Amino acid sequence: MITLSGRVLYLSDDPAVMRAQLAGKNLTREHATPLRDNVSTDEITPVTVMLCYDERLGHYPYVGFRSGSELPVKENDILRGGFQVCVAGKRYGKGSSRESSPLAELSAGIRVIVAESFERIYQQNCDNIGILTTTDFSVLDRLIAGEAVPIEEFLRGRDSLTRAVIRSGGLLAYSKSQVWPTPQTREGQDHTVPKTLAEKIIERHLHPGVDHVAHGDGVFLAADWRFSHDYFTGMCAHLMHRAFGKPSPLFSPEGIIAFQDHLALAAQSIPHVRGGLLPGIANLQDAHSVFTSDYGVQAHGALPDQLGSDGICHALMVERYALPGQIVVGTDSHTTHSGALGCLAFGAGATDIANSWVTGYVRCRVPDTLRIEIDGSLRPGVTAKDVVLHLLRTETIRTGGAIGLLFEYGGPAVRAMSIDERATLTNMVAELGGFAGIVEPDARTVAFLKERRGIDFTLEEWMHSDADAEYRDVIHIDGAAIEPMLARPGDPGNGVATAALDEVVAIDIAYGGSCTAGKREDFDYYFEVLRWGVEHGLCVPHSTRLYLQFGTLDVRRYCELRGYLDVFERAGATLLMPGCGACSNCGPGQSASASEVTISAINRNFPGRSGPGSVWLASPYTVAASALAGTITTFEQLQSTAR
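Quick note on numbering: numbering that gives the first Met the number 0 labels position 611 of the sequence shown as 610, and the sequence is numbered without any gaps.
Rather than coming from a laboratory, the hints here were simulated on the basis of the structure. Please note: incorrect hints may appear among the correct ones.
Ranges of calculated distance between the beta carbons of each label pair, as one might list FRET restraints [said to hold, decoys possible]:
#1 14 to 592: 17 to 25 angstroms
#2 560 to 190: 44 to 52 angstroms
#3 184 to 29: 53 to 61 angstroms
#4 144 to 592: 43 to 51 angstroms
The model shown is predicted, which means the values in this text are computed figures rather than measured ones. Cβ atoms here follow ideal geometry from the backbone N, Cα and C, with glycine treated the same way.
The whole structure should be built from the sequences, with the hints applied where relevant.
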């Protein structure tokens, strides 16, 4: 039975309401509205507090939470306030898969979270560590009324496996009670029932104890690749050792990869240097290095003198590891990137990854599939990033209507895209709220694997969606109707067509990079714009800084071989070695003050994501054109001024 022994914290969009609660006043839901929608994990635990991976996180929950124009929550406020229940609006926990967020809440005393809807990874992370969640506000009313609420109320609508995990107190406790057979890929079962590509992949990777599954079922899948990055390797190892002992018996260590990418440029990060946070960064990096050394897993490390890394994990997974038909899971919401190759790739929290290291299996809920059919052709200067920003501003996506769905992209415009552009579509399924994104592999996929990796890959007969496969819905988009897009600061869903922007927005920073926009084709776009600018006597004005960060060392070599670097430098760009950098607020390209305005090709612009300033999202074309203009503009608009 669950009873209310502490206080209720309403995450309100009214800063006065927040201040009153933190000062000790207990409010009703009626007096605490409006509840904040779209509370991101960047706000629950900003990257600047993610320097530990244990109960110390309890000092920091919600310190990045924005209420109106304020950041009302300070260090230790939640611990001191005696809060047990947190209440919010739609799409709670969106963004990063960081398990640091629910762990911080749990460590501060939060035991129950009530919201209108939850993001998939965030809610699964809560299940894994023992926080109870519900979208039923009547449960909240009963708790406030003093009723002892049975745990069954928190299990309604959940699949049987998730219910078992929650009853066990979390995933690792459940896992230790099970016998885990050796994972293996198996042939498809029932060939008479039409299936999507993702359903076929799931069927081939099912736990041997399961014969048939339906949409919504909780399952364990055999993962071909399991990876972590430097923010979470230490947390994964800590959780694994606590559950399974040290050393733990890793399953198939050759399928485990550890990446140093998020923290590789911390020595050049304004908040980390200014706040004296580098010792904490060193603690995370040391834990990462100890794990890779102790267990001998595959590792991609940092470059000497903290200048960068081998590359960003998602880009390297596509360049080196993932293959069509495989399952890829990693400690990052943008693991979905690899779906561009026709594999099932999704993000997970530290507990899920720790369990997968030992068992070889990862837990998920069999998703419904949403088909995105992009008809016709995209206009010149319109990219996959514009397509995603267009989707993000639709009401269905903004209100969480696609949470947990698998996005299957198809249609003539998608078939015409390179793998790099398809990767932008699947990468940003994380922002769309989806479980994963996938594109059916085809001749372009085979050519990519041959050109980039020297692999002679043969597509198997089953690697496609059947003609009569069942979809939750099919959305048709006229590719020719999509315009160059922006997302206003605060949320990737704040979409607006650039042509409809009714104000002149001066920028201080233009940033091109990240897993979403640091690929070869992205740099083709930067080059196209900047070469035109140089040829027309333009360069980045003194009032603006342009940063271009390579996604991997292979991308840098590509640019060097094609002669791009000289043009970039002549245009006034600052070139950065690979790493997540400003995208994770940990490197050059981040803002230094709230007054600064950035236009960025990254995937999300939640408050504090790339520094305290305002961040507009755009495509590589628009970022480069805006850098030359010093104001937000498209490449087409910039060209028109020179005629």
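Legend entry - Violated hints, by number in ascending order, as checked against the structure: none
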